[in-house]
Structures are given as C-alpha cells and as structure tokens.
Amino acid sequence: MTTKKHYWNEYQKEIAGDKYFYERSCIRQTFFPGSETAFLRILKEELGKNILDVENQHTCTGIGFYSDIVPLETTMTIVARLFSLMTEAGYENYVPSCVTSFGVFSEIVDLWEHQPDMLEKARNILLETTGRTFELPKNIAHPSDIIYKFREELKEKMRYRLVNRFTGKPLKVVEHIGCHYAKIFPDKGVGKAEFPHVLAGMIESWGGEVVDYPERRHCCGFGFRQYVVRANRGYSVANSKKKFESMQPYEPDFIVTNCPGCTMFMDKWQYTIAEMEHKTYDKKGYGIPVLTYEEMAGLLLGYDPWELGLQLHQVQSERLLDKLGIHYDPNEKYKSVSGRILPNPEKPQYLRV
Amino acid sequence: MKEREKPVHGDDNPKPREVKRRLKATKRISRRKRLEFEEVELPLQVAIIGGGVAGMEAASVLAEHRCPVILFEARPELGVNVKNKYKIFPDFSDAGRLVETMTKAMDHPLITVNKDTEIIEIIREPDAYTLLDNKGVPHTVPAVLLASGYEPFDAKRKEELGFGIYEGVINSLQLEDMLREHKVLNSLGEDPRRIVFLQCVGSRDEKVGNHYCSKICCITAVKQAIEVKRQLPDTEVYVFYMDLRLWGQGYEELYREAQEQYNVRFVRGRISEAASTFDGRVQIKSEDTLLGQPLKMVTDLLVLMIGMEASPGTRKLGKTCGLEGPYGFVRSKSPHLEDNLSDKPGFFLAGTCKRPMHIAEAVNDGRAAALEIIKYLRK
Amino acid sequence: MADFGFSISKPQSIDTNDMDVGRLQALEAKVPSFKRCINCGACTATCSAGQFGSFNIRRIHNLYRWDQRKGLEKELQQCMLCGKCTLVCPRGVNLRYLIIRLRKALADNK
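Chains as they are written, first to last, in this note's numbering: chain L, 1 to 353; chain H, 354 to 732; chain C, 733 to 842.
Some clues are possibly wrong.
[To be verified] Calculated lysine-lysine pairs in the DSS-like style (CA-CA distance at most 27 Å, straight line):
#1 L:K284 <-> C:K742
#2 L:K13 <-> H:K560
#3 H:K649 <-> C:K767
#4 L:K172 <-> H:K649
#5 H:K649 <-> L:K183
#6 H:K582 <-> C:K742
#7 L:K279 <-> H:K509
#8 C:K742 <-> L:K183
#9 L:K13 <-> H:K672
#10 C:K767 <-> L:K279
#11 C:K742 <-> L:K268
#12 H:K582 <-> L:K192
#13 C:K742 <-> L:K242
These aren't lab readings, by the way, just hints derived from the structure by calculation. Since the model is a prediction, treat every value here as computed from it, not as a measurement.
Work the whole structure out from these sequences, hints included.
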C-alpha cells in the first residue's frame, strides 16, 4: 500500500531558534521523569541552545480547566503568571512541555487577541494579587516542534537509526499527536491538522517508517473529565482500544507520541485491557512499547535507557531495545541514582514483561 | 481596467473612429437587411475570450450573421471542460461528439481560432477594446465577449478526504475517464466490490470559501452511479449526500431509476474522513443523519463529486476589467434581462465565467450573448 | 480477569462490514417499490400508531437497511395496518405490504 503525502511543505510553522523558556508538565514529570531531563540535556549538550528551566514554575491548570473545576479567569491569571516568570527571566520564546499546556496557552493568547478587555483584566488581576507584570511571548513552540526543527542536526549525532538490527528493515512506527496540538489551531501545528508532520518528520529523518492506519486521527480518549472519574473511565479506555485494534494488523514496532497524557494512556491501557480482557496487540503478548519523542531521541543518541526512565513504562521496552541494537544492563534496571537496589514491581497476570 | 484617452494607431488596427464610420458606411451602401462587412478593408472583428461551448456557440452565431470573429483559447484544444466528460445527462449522449460538432463549426471563413493564446490584458479605448495576448500581439475590436469559463475544484484542498494521497480516492472526472475506457478499477487493479460517491466536494463548504452550490454535481453522481452499475452490475454503489438537488427535466426520474432499476443506495450524511486500510481499501466515516447514528464503511473506491470554480483566466480578467463578482466569477449587469451585458458597453459575458451552469445553459448563454453583440454593433 | 471498577464501552457506530446485504435484497425483491423511498417522513408524520407510541416507521426501515434489527420486531407490533402511510407516500412505496413482509422477515430470521 503506497501513500503519498505532500502537504507538509506548505504548512511550516514558525519555531523559534534559541533562548527558550521551558515549562514542565505535570503528568510527564510524574510518569515519564526521564523525558524532560533528556530534553534539557539534548538542547543544552547536543545542540548548545540556551534553555531556561526555573524552579518556581507551576502547573498551567490545564487538567483542572478542562475538567470544569478551575474557572477561566483563574486559568487566565495562572497563564499570565507563567508568562511573567518568563518576562522576569528575560526570555521571549515559551516552550511548554505538555501538549495540553500548549493548547491552553494557544487558546488563552487567541482569546486575548480577540478580546483585549480580557487581556486587560488578566493584567490587572495579576498585578493586584502578585504585583507582577508580563509580556506576551513572541513564539510559543512545543518541544516536539524544536526537536523537529533540529532533527537533521541531531541525526548527525545519533549512534543508532530506527532500523531493525535483525532484518535490516526500517522500524514500523505509529505516531500519535496530542489533540490539543494541531486540532484546535491547525496553523499552530507543523503539517496542520490532518497529516501532522512533527513526529512523522522525526521518524522519517531517523530511518523509520510511519504507519498510516485508519484510526490514526482518533483521540486517545484522555478527555480529562471522563478519565478522572472512575465510572466514566471505560469510555476513555474504549477510545485507546479502538486505536489499538486498528493498528494491530500493521504490526508496529513501537508507538511514539508528543503528548504526555497520550503516552500515559497508550502505555497504561495496554496493561488494563490485557488484564481485563486478556487481549494484547502484538504477536507475543508483550504489548507495543510506547515512547515519548524525547525518549526516542535520547535512545538514538545513545543515552542509557534506564536513565531515560523506560523501566517505569507499563509495557516493557527490552524487545525494542534489542531490535535497535542498544546495549542495556538488566541488572541496572531497578537501581536508584545512588546505586541502591529498589524493590521490583509486581508482575501483571496476563501482560508479559 | 486600463483606459486610454487616445486610441491606438497600429498598422493593422484601424482607428476606432474609422471603424465606426465604416460600419455606418457599409450600412448605407448595402440595401440588404443583413449587416455586411468587407473583410478586406476592415479588420473589424468581435473578440471572444474562451473556446468552450459558450464561446464556440457565440462564434457560430456571429459568423452566421456575417460578423467576423476572433476566438482566443488559452489551452491547446477547444471545449476541454466538456470533452473531459464521457456521457452527459440526462440522455447519456456522447460529450466528445458534441464538442466535435461544435469544433467543426469553427471551420468557418469568418472565424479565426487562436489556440494556446491567453489574453493577459484588456485596455478600454473610446468605442473599442484592445486585447493584448501572451504572444505580445495587440487586437483592437469594437466588442469583446468574455467566455473564459470554469475549472473543476482541486480536491487536494480537502485534505481529510485523502485525494492525491490514497489511491482509492478519485474525483468525478477521473471516474469519467475510467468509464470511457470501461476500466473502473480499485487501487489494486481489481473490479471494485463497492463504490462510494461523496457529494458537495468544494461546494457549499465554508472551509474552502465556496458557499454556493455547483448545481450539476448531484445529477452527475446519479448519472455516474447508473453508468457504473451498467458496467459493473455486481458492485454495490452508495451515494452520500447532504441534499439531492435534481432540478432539471428528467433528473428526478433518473434518480428513481437509479434507486429502482439499478439498486443504487442513497445515504443522507457527509463523509468526514477517509483513511487507508491494511488491504489497500478506503475506510470512510459518516453519519446516517436520518437515523442519527454514525457509521463506518470500507469501500474500494471513493469518488469525490467536485464542484465548479472560476477558472484562472476568469479570475484574472474579472479583476483587471473591474467585473469581479463573488468567488472570482464575473458579475453581469443584472441577472434578469441584462445577464449578457456588463457595466461596460461593448463588453459582453457568457457561460460559466459567471456562475456554474450545465451545458445547455452555457450554449444558450453564448447564443444570447451573440445576439446582444449584433444588436450592439448595429447601433 | 481483573476488575478495575469500570467496564470498557462498546463502539456504538454502525459497522457496515458486519452487514448482511442479502437480507435487504430479499426484502427488496418482494417489495420493489421500497427501493424508491427518499426518507421524506410523510409516512411517520401521518401514522396512527406513531401518535401514541414510540413507533417510527421511517426509522424502522432505515435501521433494517443497515441490518440493525434489534428491537424492530417488538416495535413493529404497534402498527395497526391502517394504511395511512401508503396513502401519503409521494414515491408510491407500498408501505402496508412492506410492513407485513418486514414482520415476517424479522420473525423468520431471528
């Protein structure tokens, strides 16, 4: 089956080149801690960029806002405060790690553009409550945009390629883009909404093959208010399940996403579905490994998988590491930074690890 | 449009004032009722921009009334938009033969056809117009007929439907070619088990900026569905529509026939996206709006019924002549009794450069414009 | 099997790949005027039973077209065969006969 895509070239988004103000993600830090560290390392060490990671940053309230718990004014003010942290540090390019954050910022900035009185309101409230002022960022880019922009430079430094060491063929990769990245404001995503190129570009540059399957555009089901309440969780899980069933015939080697929520979902629900329905979506029952794009870049650059935090994923990645030809020490897997041996996690009943 | 106070005085082009005087002179000379022009002395010609069915019909009528015509067609052939079709509704007559008949009529001593010639500028003179073509030759004429027509909508702009990306997604013109060759095949080169038509691609669509209805796509889909069933009786055919607009004589009957005789199935719902399946077929998502339930279907071929948009020539000339109407089409003076006139005397309009039309309408429009021109020249 | 306190929702969209076209074709062979239906809704509008119950004849035959037969047999019991639908149909579908055949088909193909 051949697919020809030729829209990317027209939809190039403006991505800043240097001097980034980084804002961490709630979920990504919790579930995939190695990712953000890897991103900062890639930007500072490999690309030599100026990226600032301040200590007093905080949540953007995206989860609360989309669950209808946090009202719009509060979110607006919190966003204003984050921008004031950026202005205070003297930076103009805002880089939020989470795709939901990216969506929240794009939405609020768009709201302020169309309703300047709301912008005034935000400035006033911020000044009253914290005494701070802020400037709007010149450019809001997602970290995946930045890696996309420098993918060729990174390619030069990479020790590995997305190629199956045993067969010599490119790895089949399913790429999944967070809904808040390109679906809300198609112009703010590389490649627009239907065929986003931000992850596909990385995969293609680094030697892999992108898999186009029927439910590619489907949401993973995160939805915030659905997932948060246990009674509704099955509804969220059903969406990820739909995607898995659709990608199964293509036998992908791994999934890569740019949204922390999606990574969490695609990873954890494979465990849930395996335990609840005794179903896995790869041939051998281990599940399809799910990586964040930072983990993917980090692995190819030769960072240690356990430092990247792959052991914390629900679906274990050893088989993928073998395919890539990356060396790892199984004994180091559950060791803390100081070298202390941590207790091993409990093994699932059905999903093989 | 550029205007010139002083008329052009080239060797080949007579002074417009002389032109008018000569006309009057001829009238006086000839006692006969018909207007006669002396071809030798008088390079007076009516210029027709566009060699489609409207332009050709106008040329025919003018020539019959002894008025010399110079016809400019930007493409290498005449009547391309109609020639691209195989059989035309409602009687399934042959499009190629129709164009052939009209093209043959262009073989007339009073008609000069310039193919591969695009008019890039029009300058208004007192009582005349000077046309500049892409070869650098100017033509000064007392009357101009703009019949620069339409072009089919480029379905690539509807990304979610995968045209130009997935091989199982084609547009209605490509299906016409397949029907002509009797080779309706899916992306794997086999007989399709199922074909799905989607109406209103590029028309009635906010996202591409065309709010209007292209008028002929509904009946075209019904016609093509019947043609497909005639060639492949075992294939399932579905037509997904938002509305079915079958306004012409015989159209509603054709719809009934499609349902009853040919078992074509009509579903009221728009297709939101098309994706490729593992075995090279196309998966579509739609809703049966009459049931209120979303549905998923796998098909071998998805045919997009593309609408009509103003051609690049229409858009450009509409702008330079100050006649630009909505969506890049040209605006006539009034849609009722002055539909062939523009607000500039001596500048006439015919055919699909104004709005989507079917063939009979465009031909009639060309005929009407020709008679308006004759009326004008007699003054 | 593990119980995490929720069940995974089932897809609600009609999957046309599960359709049995033969069933519809058999019905159409018996009631060829049925093919002419354009879903105008005049039948449902005038229906006697539809004024008092959940009976919607247009919806019923649409569901049957997509081979979604759940609950149709029960719903069709409400039809009194008064014939008003057949009188008003602009396309001349023989609805009374269609309903009789639908009932039979649903009873047989259970």
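Do the hints match the structure? See the list:
{"no.": "1", "hint": "L:K284 <-> C:K742", "in the structure": "25 Å, holds"}
{"no.": "2", "hint": "L:K13 <-> H:K560", "in the structure": "20 Å, holds"}
{"no.": "3", "hint": "H:K649 <-> C:K767", "in the structure": "22 Å, holds"}
{"no.": "4", "hint": "L:K172 <-> H:K649", "in the structure": "26 Å, holds"}
{"no.": "5", "hint": "H:K649 <-> L:K183", "in the structure": "21 Å, holds"}
{"no.": "6", "hint": "H:K582 <-> C:K742", "in the structure": "36 Å, violated"}
{"no.": "7", "hint": "L:K279 <-> H:K509", "in the structure": "39 Å, violated"}
{"no.": "8", "hint": "C:K742 <-> L:K183", "in the structure": "25 Å, holds"}
{"no.": "9", "hint": "L:K13 <-> H:K672", "in the structure": "31 Å, violated"}
{"no.": "10", "hint": "C:K767 <-> L:K279", "in the structure": "43 Å, violated"}
{"no.": "11", "hint": "C:K742 <-> L:K268", "in the structure": "19 Å, holds"}
{"no.": "12", "hint": "H:K582 <-> L:K192", "in the structure": "38 Å, violated"}
{"no.": "13", "hint": "C:K742 <-> L:K242", "in the structure": "10 Å, holds"}
Comparing the model with each numbered hint stated earlier shows that hints 6, 7, 9, 10, 12 do not hold.
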